[in-house]
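Number of protein chains: 4
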Amino acid sequence: MSIRTPEEYRDSLRQLNTEIWAFGEKISDVVDHPLFVPHVNAVAATYEFSLDPTTEDLMLAESHLTSKKISRFNHIHQSVEDLLKKVKMLRMINQKTACCIQRCAGMDSLNTGHIVTYDIDQKYGTNYHERFNKYIQKVQDENIVVIGAMTDVKGNRALKPSKQKDPDLYLHVVEEREDGIVVKGAKAHLTGVTGAHEVLVFPTAALKDDEKDYAVVFSMPVDTPGVTYIFGRQSNDTRKTEQGEIDKGNAQFATVGGECIAVFDNVFVPWESVYMHGETDFAGKFVEIFAASHRQNYGACKGGIADVLIGATYLTAKYNGVETASHIKDKLVEMIHLVETLYSGSIACSSEGHKTASGAYLTNILLANVTKQNTTRLVYEIGRIAQDIGGGILATQPAEEDFRHPEIGGLIDKYLVGVDGVPTEARLRVHRLIECLSSGTALVEAMHGAGSPQAQRVFMLRQGNLGYKEKLATKIAGIDSLKN
Amino acid sequence: MSIRTPEEYRDSLRQLNTEIWAFGEKISDVVDHPLFVPHVNAVAATYEFSLDPTTEDLMLAESHLTSKKISRFNHIHQSVEDLLKKVKMLRMINQKTACCIQRCAGMDSLNTGHIVTYDIDQKYGTNYHERFNKYIQKVQDENIVVIGAMTDVKGNRALKPSKQKDPDLYLHVVEEREDGIVVKGAKAHLTGVTGAHEVLVFPTAALKDDEKDYAVVFSMPVDTPGVTYIFGRQSNDTRKTEQGEIDKGNAQFATVGGECIAVFDNVFVPWESVYMHGETDFAGKFVEIFAASHRQNYGACKGGIADVLIGATYLTAKYNGVETASHIKDKLVEMIHLVETLYSGSIACSSEGHKTASGAYLTNILLANVTKQNTTRLVYEIGRIAQDIGGGILATQPAEEDFRHPEIGGLIDKYLVGVDGVPTEARLRVHRLIECLSSGTALVEAMHGAGSPQAQRVFMLRQGNLGYKEKLATKIAGIDSLKN
Amino acid sequence: MSIRTPEEYRDSLRQLNTEIWAFGEKISDVVDHPLFVPHVNAVAATYEFSLDPTTEDLMLAESHLTSKKISRFNHIHQSVEDLLKKVKMLRMINQKTACCIQRCAGMDSLNTGHIVTYDIDQKYGTNYHERFNKYIQKVQDENIVVIGAMTDVKGNRALKPSKQKDPDLYLHVVEEREDGIVVKGAKAHLTGVTGAHEVLVFPTAALKDDEKDYAVVFSMPVDTPGVTYIFGRQSNDTRKTEQGEIDKGNAQFATVGGECIAVFDNVFVPWESVYMHGETDFAGKFVEIFAASHRQNYGACKGGIADVLIGATYLTAKYNGVETASHIKDKLVEMIHLVETLYSGSIACSSEGHKTASGAYLTNILLANVTKQNTTRLVYEIGRIAQDIGGGILATQPAEEDFRHPEIGGLIDKYLVGVDGVPTEARLRVHRLIECLSSGTALVEAMHGAGSPQAQRVFMLRQGNLGYKEKLATKIAGIDSLKN
Amino acid sequence: MSIRTPEEYRDSLRQLNTEIWAFGEKISDVVDHPLFVPHVNAVAATYEFSLDPTTEDLMLAESHLTSKKISRFNHIHQSVEDLLKKVKMLRMINQKTACCIQRCAGMDSLNTGHIVTYDIDQKYGTNYHERFNKYIQKVQDENIVVIGAMTDVKGNRALKPSKQKDPDLYLHVVEEREDGIVVKGAKAHLTGVTGAHEVLVFPTAALKDDEKDYAVVFSMPVDTPGVTYIFGRQSNDTRKTEQGEIDKGNAQFATVGGECIAVFDNVFVPWESVYMHGETDFAGKFVEIFAASHRQNYGACKGGIADVLIGATYLTAKYNGVETASHIKDKLVEMIHLVETLYSGSIACSSEGHKTASGAYLTNILLANVTKQNTTRLVYEIGRIAQDIGGGILATQPAEEDFRHPEIGGLIDKYLVGVDGVPTEARLRVHRLIECLSSGTALVEAMHGAGSPQAQRVFMLRQGNLGYKEKLATKIAGIDSLKN
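Chains as they are written, first to last, in UniProt numbering: chain C, 1 to 484; chain F, 1 to 484; chain P, 1 to 484; chain L, 1 to 484.
Simulated from the structure, these hints should not be mistaken for lab results. The structure presented is a predicted model; accordingly, all values stated were derived computationally and were not measured. Hints may be right or wrong, so weigh each one.
Identical copies carry no separate label here, and so any pair may be met within one copy or between two of them.
[What the hints assert, rightly or not] Below are the DSBU-like pairs computed for lysine-lysine, each with C-alpha atoms no more than 35 Å apart in a straight line:
1) K355 <-> K26
2) K85 <-> K285
3) K329 <-> K184
4) K331 <-> K88
5) K184 <-> K138
6) K69 <-> K85
7) K88 <-> K184
8) K184 <-> K85
9) K240 <-> K26
10) K165 <-> K471
11) K160 <-> K285
12) K285 <-> K318
13) K212 <-> K475
14) K212 <-> K355
15) K165 <-> K318
16) K414 <-> K240
17) K318 <-> K329
18) K88 <-> K285
19) K355 <-> K85
20) K68 <-> K355
21) K134 <-> K68
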């Protein structure tokens with residue numbers, strides 16, 4: 001009963017009873033609701049590409065547990081080549097969907113769990129790793145979609161979890177039972193819940209010794225009773241429910257992941273699904289490894305989206321008849337430069353990856369943080385240039401209903417035309433695509449996905465090895481001999 | 001029958017029969033339609049501030065025609081102090097509305113018309129200036145709102161107006177009658193049509209001798225028969241029609257001006273309202289002076305909006321308990337630095353303004369272009385920093401309907417709380433305000449309003465006086481003597 | 001016996017017995033020593049321009065004490081126009097000298113002294129102001145050059161003056177005598193000592209109540225016994241002592257001010273020259289006002305130098321035959337944009353200046369800090385672009401001795417030629433000019449002169465009025481009503 | 001007779017009769033002349049590191065011709081791993097020398113020659129490749145130093161080589177003899193001539209069919225008769241000839257490569273050393289491959305120097321007692337971020353390298369150009385931050401002679417002290433190190449070495465695949481179906 005095709009995938013989702021709210025309503029037909037269809041389409045595309053001979057090499061990998069061909073999203077990386085293929089897969093997919101495909105956090109948390117459970121077992125003699133490998137194998141065999149749940153809602157950011165006025169502001173264990181644990185709290189910014197089968201839950205930050213209840217990692221089916229998901233709003237989200245295609249920009253796929261808050265109201269988790277429980281000294285490590293693995297991706301996935309944006313920008317220049325103007329070409333070159341700088345980060349941190357004790361390969365942590373930091377800047381600059389070339393029409397183009405209207409549609413068709421031979425509708429469509437890729441939620445995601453900018457800087461300071469650099473300078477400046 | 005209060009102003013608009021389309025519908029109740037209310041509110045605020053003793057000094061000026069107190073928006077600048085007060089007024093208003101108040105293009109085109117009609121008369125012996133002064137006096141006396149219509153739709157940007165496949169892609173005179181002219185074409189990016197009484201129409205670019213039909217400047221009532229306005233879409237525009245306030249971000253005022261395309265279908269204009277007709281050599285001058293006058297504003301008006309965005313960003317840091325974190329303070333300082341750099345531009349080009357032959361004062365053209373160029377960059381960077389501090393919640397916050405919902409509203413209230421003592425709703429509101437001010441249409445407006453970035457660069461090259469700078473270098477380098 | 005001409009000025013310097021050290025030697029003939037001639041030339045130029053009818057309007061002002069025409073460098077600003085003329089004078093002078101002309105710190109400390117002595121007297125009933133006015137009048141009447149001495153050497157920057165291991169690391173009063181005080185310590189970064197007659201000494205930072213000995217302001221002749229000046233090295237400083245002109249870049253004038261450390265070894269200062277003595281609560285105010293007055297200048301003076309650099313860059317493009325290439329033009333436009341952004345800051349903070357209690361006009365403090373902050377960035381970027389266009393030859397051009405050498409000079413002449421008609425020597429000269437203006441000491445001066453970048457940020461945070469901005473946001477977001 | 005040790009290396013140089021001019025003198029003792037010692041030291045270090053067990057893995061490679069261990073600088077890359085080791089070697093070396101080690105252009109031109117001679121032979125049936133392999137083997141066996149000579153002096157850059165007024169402005173064949181060719185012209189910006197044994201000469205740009213005489217590639221001993229080298233000036237070059245160590249900054253090694261102009265006055269080259277002769281269609285390819293191979297390095301070699309600069313900056317912060325101040329830490333993090341962004345480029349283009357027809361591995365051309373483009377920006381920004389933290393003292397520190405002087409040295413020692421326990425001399429030394437690494441020639445080299453910025457942009461436009469990106473956008477926007 002392994003899922004193969006996009007249709008099998010959609011059917012599998014229809015079996016779930018996930019409680020998702022949006023716009024004040026409980027949504028019963030998630031898979032087919034216009035608000036969620038573009039999100040589900042994006043994940044479905046990953047099944048489609050896995051069947052496509054031209055893309056399967058990137059999409060599939062060989063399981064180290066079963067030696068079967070499995071989705072790379074459920075794979076534990078076995079080599080530097082795996083790390084490289086991971087990011088190449090992401091750029092490729094996003095070039096074809098121009099949106100977040102929502103499966104990275106799952107992939108990255110599976111790999112993190114593999115590494116960290118091994119280390120916990122080594123230190124404490126626990127057997128989390130075996131338990132987790134069983135989970136991985138199930139996920140691989142059934143070819144299902146796992147998402148990650150990490151960010152606690154945090155309340156007063158200046159206080160540690162245990163010092164919050166309301167102890168639930170960080171998810172924690174409220175009861176320990178013979179058959180498992182009961183957890184309470186909420187996780188924010190979950191990506192991909194509408195297309196997921198499973199959720200892997202883990203801490204959001206390093207913890208102190210006295211915060212054992214917060215040191216918990218577990219998996220659960222997405223529709224576990226007691227979990228309520230509340231969908232977040234995105235830029236222009238209701239356009240997805242409008243008639244027509246043009247104003248959606250990207251009509252088939254979502255702009256970003258589709259984030260939600262998950263509220264855990266005394267949710268029971270059986271022991272077999274618990275992979276950390278009280279080992280506070282590994283909470284920080286889980287975060288560090290997950291964060292690095294996730295940041296590794298951003299130059300590639302945002303790079304893939306940026307490729308589409310560059311293409312759209314080039315198109316609009318052609319539609320306006322100015323694609324050979326030198327300042328236009330120079331701006332397109334700048335966009336290329338920026339997107340390849342992003343991508344270089346993802347390639348470099350992958351290329352510099354290494355084998356961990358568990359056998360899984362892990363990205364270079366410093367370079368992964370550098371990669372993510374660059375996306376928090378360059379994606380904005382790429383968007384800015386796209387809007388420069390795109391023109392004021394990005395903010396003043398009439399609605400599709402006007403264009404389709406028998407009385408005034410003709411005026412729009414006549415007056416918003418570009419160069420000869422290009423239908424006005426093509427211009428309208430490309431403007432909307434630029435609009436949706438160059439601003440709003442798409443940018444916020446590049447800023448905060450995989451951690452806010454300052455989080456990367458903390459790692460860079462820690463990993464930048466100032467002490468070694470100081471020694472280099474001391475030697476060159478001839479200061480060492482001074483001190484003798 | 002001069003308009004005084006916001007209510008008189010709204011009533012005056014209700015007298016009009018402007019044909020405005022939006023979302024495939026002809027809107028009959030523009031003033032009271034939820035889509036347009038925030039736009040009308042913004043203009044109404046300018047009437048309100050004119051009556052407020054604390055702001056009237058900036059809002060009002062003394063007419064050089066009648067010596068009466070008039071709205072500064074209808075004033076012909078009589079001194080450097082007037083130029084300075086103009087930009088100070090704009091920053092003040094936008095600090096209080098956080099949106100484009102839509103009257104600048106009218107103000108700037110009135111001043112441009114005053115300057116250029118004088119010059120045309122000097123050269124050609126025409127009497128446009130007297131005619132235009134009459135128009136100005138009417139506008140001042142009735143205290144009405146004028147907007148500008150400049151940007152032609154342009155078709156193939158590589159071709160001149162007269163070379164377009166469809167001659168209507170630039171507005172032009174199609175018939176000359178005894179009592180006036182008939183024009184055809186379309187103007188894009190009109191700001192403020194929902195709140196206007198009058199429109200001043202003028203060319204979009206310098207013209208060649210053989211493009212006399214395109215060299216036309218005229219005024220008309222906004223509801224002149226034959227003119228159709230089609231409203232453009234903005235980021236999250238339909239939120240204005242939703243119930244509730246929170247998700248609007250700025251519930252009372254619009255985010256940006258409310259732009260539309262105006263289609264002129266053989267529209268008749270009587271001679272008394274025509275202020276240029278065939279004088280092609282003054283089309284470029286009109287554009288240059290209008291553009292500079294309009295660019296003068298952008299450091300102040302976008303600065304005023306940025307002030308609100310900085311305040312909102314500071315608030316969100318306080319709500320999260322991190323306003324004293326050093327990296328937060330440093331980012332706030334950077335926002336202050338950027339907004340004051342913008343504002344310095346508006347002050348500087350005003351301070352360096354000069355008297356023209358007509359008697360009207362004109363901003364320094366080079367510095368005004370520099371000011372606008374900076375808004376095309378710094379406003380984006382200010383928005384980027386706001387989104388950095390604002391956090392991922394900017395893109396994942398649930399809808400107001402969820403927050404108000406009896407079943408799940410409580411969960412949001414519990415889990416999206418910040419520091420003790422601040423209602424969760426305050427956080428939700430400030431996130432939405434940041435969202436609406438830091439992305440989407442608000443940025444595109446800063447990029448393309450008053451001309452796209454490349455347009456400023458053309459002026460900077462022309463005004464930057466490279467020849468003089470070359471001479472300075474030649475002297476210092478001792479090259480001059482070489483040539484002897 | 002007021003100095004009038006450059007020659008009188010040089011003669012007056014020859015009367016002094018200042019103890020200046022450089023390169024391990026005590027320099028006896030400062031005025032005529034090749035190392036210092038370019039520095040003296042720069043100051044001499046200010047005398048020359050004062051006699052030139054085309055520049056005297058900017059160079060001279062009317063003394064508010066004597067109503068005589070005096071050097072603007074010795075003037076107490078009496079209006080916003082004075083503030084504006086100050087910065088216009090600086091840009092003009094630096095356009096003609098391409099170097100720091102070293103008299104601003106004196107001008108700014110005279111004005112600061114005027115403002116602060118008035119305030120001290122108001123609070124403490126002292127009579128510093130009258131004393132200081134006498135000093136100002138002497139300086140104006142004799143038309144001499146005053147420089148400022150502010151920056152203490154500071155030792156451990158994490159400790160306050162009184163906590164330093166060595167109390168002398170901040171200049172302080174070591175003895176109080178009937179006829180005056182005795183001071184000890186050192187001041188770093190003094191600009192212009194080689195061309196000065198007088199030094200005005202003041203504190204470097206706000207002081208605590210228990211640091212009275214450090215709260216001291218006084219003036220003294222530059223050659224006061226007990227003061228030793230040790231000249232600092234600059235980029236390529238020894239080129240000034242080489243034969244030839246080319247490799248100097250700017251052969252007539254220095255690249256930067258000519259900074260030194262002044263060591264005060266128990267120096268006696270009579271009471272009549274003391275203008276603060278123990279009033280610790282005014283030390284911070286002195287610094288704030290001086291810093292703002294000095295930062296006001298940087299967009300204009302560095303702007304003037306940048307004008308020459310732009311000219312040189314344009315020249316080199318012409319010499320290479322590429323001045324019409326679009327990417328070259330675009331980079332030149334960017335340089336113009338940046339320099340005018342700098343200048344806009346100086347104009348804006350001047351235009352927004354205000355009258356102080358003493359009657360002197362003071363720049364807008366926030367905008368002056370913004371102006372300086374921009375020079376710490378944009379001057380570097382201007383230099384970077386100049387080096388981009390200038391080409392690799394900036395770092396590989398042979399020495400003038402090679403060019404003048406009979407055996408190989410011809411090879412250089414043949415092979416380093418540019419477009420037809422331009423002597424090779426002209427190219428060589430302009431490369432060296434770009435080299436000296438675009439890097440090294442010239443940039444460090446733009447970074448740290450008038451205070452390091454972080455110092456400006458402290459003021460921006462203090463002056464940026466976050467509380468008011470917060471209120472604006474609270475109102476727009478509808479949060480105020482929430483709290484009711 | 002293979003060179004092994006630094007001393008053998010220096011001895012081998014002493015055998016040469018290279019004609020090098022500097023400062024108007026012919027230098028006879030190049031190896032031991034104070035001006036050149038630091039340059040020679042840098043190359044000598046590459047011999048030293050090859051003998052060091054901790055670095056030999058990066059320094060040495062296995063020859064594909066002889067299977068012997070050889071210097072990686074003379075190696076033809078046989079794998080992606082070789083490409084990666086190349087850039088890791090460069091960062092390591094530059095971390096230890098803080099200067100250009102001058103051997104990359106040789107390494108890169110050897111690899112380029114290997115690739116291109118193979119391709120020429122394939123097309124034209126020539127036997128350049130075998131000839132070139134012999135040359136490579138000799139270089140490997142003797143373990144000597146090869147440098148590259150590429151950049152023609154160019155005259156009027158708007159004209160092609162054959163259109164220059166003086167045909168010698170691009171190096172060309174002036175005579176074809178039975179035993180070889182005679183060439184005339186000049187090459188600029190040669191790096192490393194003082195430490196080289198051999199020079200490989202090749203064209204600077206793509207050539208037209210009628211420019212056969214300019215399509216020439218050859219090797220020659222550095223001291224070939226008829227070749228005159230004229231050394232270029234660098235920032236503060238004469239400090240190398242001063243007494244003392246402090247003011248040199250980097251006393252042991254040069255700041256940059258030591259560039260010169262090489263003039264070829266009818267120089268004879270035997271056929272066995274000619275590897276292209278008239279095959280104009282391969283000139284552009286040679287340039288493209290060499291440029292990419294060379295640009296591959298810049299993120300690593302400039303990264304290594306930047307590591308030392310970061311260390312020096314950190315040191316100066318510690319000496320001032322401010323290394324824990326948040327704004328200092330943040331700036332250090334930024335430096336780390338920038339240097340690792342640079343390095344990521346070098347790793348990424350290496351990791352994405354591929355095998356060419358000749359068997360040699362070649363970097364990814366697009367990413368290599370992106371890497372170099374980033375050095376033209378980020379190296380400047382790194383320098384700017386270093387100068388920010390370094391403080392004004394970078395531009396005002398007295399000369400070493402003053403510090404050593406018995407009379408005033410004590411004053412400097414007393415007053416320029418930092419935190420307790422650090423000798424003042426350590427501060428002085430680190431300031432000079434920052435000075436020499438953060439400005440002047442060091443930056444120009446990062447800008448123009450391996451090609452000026454615009455050269456990279458030309459490649460990025462060509463390699464950025466806008467057509468493919470356009471197709472992606474067309475699909476997502478739904479435009480394709482439109483056209484049906």
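How the hints compare with the structure:
no., hint, in the structure
1, K355 <-> K26, "neither (45 Å within a copy, 57 Å between copies)"
2, K85 <-> K285, "both (25 Å within a copy, 30 Å between copies)"
3, K329 <-> K184, "between (54 Å within a copy, 34 Å between copies)"
4, K331 <-> K88, "both (25 Å within a copy, 32 Å between copies)"
5, K184 <-> K138, "within (26 Å within a copy, 69 Å between copies)"
6, K69 <-> K85, "both (15 Å within a copy, 33 Å between copies)"
7, K88 <-> K184, "neither (38 Å within a copy, 49 Å between copies)"
8, K184 <-> K85, "neither (37 Å within a copy, 51 Å between copies)"
9, K240 <-> K26, "both (18 Å within a copy, 23 Å between copies)"
10, K165 <-> K471, "between (46 Å within a copy, 27 Å between copies)"
11, K160 <-> K285, "within (17 Å within a copy, 40 Å between copies)"
12, K285 <-> K318, "between (50 Å within a copy, 29 Å between copies)"
13, K212 <-> K475, "neither (46 Å within a copy, 43 Å between copies)"
14, K212 <-> K355, "within (29 Å within a copy, 53 Å between copies)"
15, K165 <-> K318, "between (58 Å within a copy, 17 Å between copies)"
16, K414 <-> K240, "both (27 Å within a copy, 29 Å between copies)"
17, K318 <-> K329, "both (11 Å within a copy, 23 Å between copies)"
18, K88 <-> K285, "both (26 Å within a copy, 28 Å between copies)"
19, K355 <-> K85, "both (16 Å within a copy, 19 Å between copies)"
20, K68 <-> K355, "both (21 Å within a copy, 31 Å between copies)"
21, K134 <-> K68, "within (15 Å within a copy, 50 Å between copies)"
Figure legend: structure checked against the earlier numbered hints; hints not met, in rising order: 1, 7, 8 and 13.
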